[in-house]
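Same order as they appear, the protein sequences are chains A and B.
My numbering applies: residue 1 is where the first sequence begins, and numbers increase by one.
My numbering applies: residue 1001 is where the second sequence begins, and numbers increase by one.
Honestly, the hints are just simulated from the structure, not real lab data.
Be aware that one or more of the hints could be misleading.
Once the Cα atoms are required to be at most 20 Å apart in a straight line, the calculated SDA-like pairs of lysine to any residue come out as [unchecked claim]:
hint	chain 1	residue 1	chain 2	residue 2
1	B	K1056	B	L1068
2	B	K1056	A	L56
3	A	K61	A	D85
4	A	K57	B	V1038
5	A	K61	B	E1055
Listed below are several chain B residues computed to face chain A (Cβ distance under 10 Å; list not exhaustive) [what the hints assert, rightly or not]:
hint	residue
6	H1017
7	E1043
8	Q1044
9	I1050
10	R1051
11	A1054
12	L1068
13	A1072
Even for Gly, the Cβ is constructed at its ideal location relative to N, Cα and C.
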Amino acid sequence: MTDSPSDADLVAATRSGDSSAFEELVRRYQPRLFATARRYARREDEVEDVVQEIFLKAYSKLGTWRGDAPFEHWLMRLAVRTCYDFLRGHQRNREQTVTETAPEETDWLERHAAAPEGASDAAAAARILVSQVLEQMSPANRLIITLLELEERSVKEISDLTGWSISLVKVRAFRARAEMRRLIVRMARDKFL
Amino acid sequence: MKVNKPRHMGHMGHLGHLARLEQALLEAGRRHPPSDAVPYAFEQRVMARIRAAAEKRPEAAVDWIRGLWKSAMAAMAAAAVMVGVDRVVPGPAGLTATDQLSAPALEETLLASAAPEDGFW
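When you get a sec, could you build the whole thing from the sequences and use the hints?
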């Protein structure tokens, strides 16, 4: 049984005109990119468009990968920046208001207000509430909270992924947390304030 | 449904409750990352788009060269017409534009302001 070719081999083959090598790269990284895109796009057709765009950009910019860092890191940088562009282009999604909170989510908030330890973190309602809060945030703040709090990445990693300086990431993280708290207060005000 | 609101919660209590709520929501988000499922034959659709884009690229280059060639032809035609007119139509004192721009004519023009007028001295 032969070993599967490395990313560097596949990139080199693609550059020399073998498009089937790039198809192998797509197969290799598509699950990871779909999971990433689903953090930022809600509808499945939007998710698919975002992932397609990432791969098209990767194909056209393959010459800029120098090989001194893993291909995966280079691809993830491209993915995060494409997702950020998507968020900036779809700011209207933020217009969703707290009034759209479904009875299940309201019930979860009420149970958490009454007994925080009793409300399950794994509840589907809690996950929906997180999504609602994130969807109301500005694109930069949403990106920071997702990378920092949900994916638990370091400030340095976020700086590498976004291209923002470390100090800018810290400033944006501070603002993002403040915006998230404001939105949670607005969402939960009737329950315990 | 009756809201079970804590009656005697002070400002600090609210802040503590908010912090716990924030942490509970983030924890829920962390525990359930999005699915990494891939739609059927997705890689084939990506490759079809890449091939379509690659096929379009030479056509675009041919169009660009064609446009450039047309512009160059128009400029050359205009230049040819102007040279022809210059040959046919004489300028002042029977000189063509080429004669007027010859070195002695140019020198005369440049030095005209510095040359002493008749009777000045």
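Outcome of the hint check:
{"no.": "1", "hint": "B:K1056 / B:L1068", "verdict": "holds (19 Å)"}
{"no.": "2", "hint": "B:K1056 / A:L56", "verdict": "holds (14 Å)"}
{"no.": "3", "hint": "A:K61 / A:D85", "verdict": "holds (17 Å)"}
{"no.": "4", "hint": "A:K57 / B:V1038", "verdict": "holds (19 Å)"}
{"no.": "5", "hint": "A:K61 / B:E1055", "verdict": "holds (17 Å)"}
{"no.": "6", "hint": "H1017", "verdict": "holds (6 Å)"}
{"no.": "7", "hint": "E1043", "verdict": "holds (4 Å)"}
{"no.": "8", "hint": "Q1044", "verdict": "holds (8 Å)"}
{"no.": "9", "hint": "I1050", "verdict": "holds (5 Å)"}
{"no.": "10", "hint": "R1051", "verdict": "holds (7 Å)"}
{"no.": "11", "hint": "A1054", "verdict": "holds (8 Å)"}
{"no.": "12", "hint": "L1068", "verdict": "violated (24 Å)"}
{"no.": "13", "hint": "A1072", "verdict": "violated (30 Å)"}
Comparing the model with each earlier hint shows violations of hints 12, 13; every other hint is respected.
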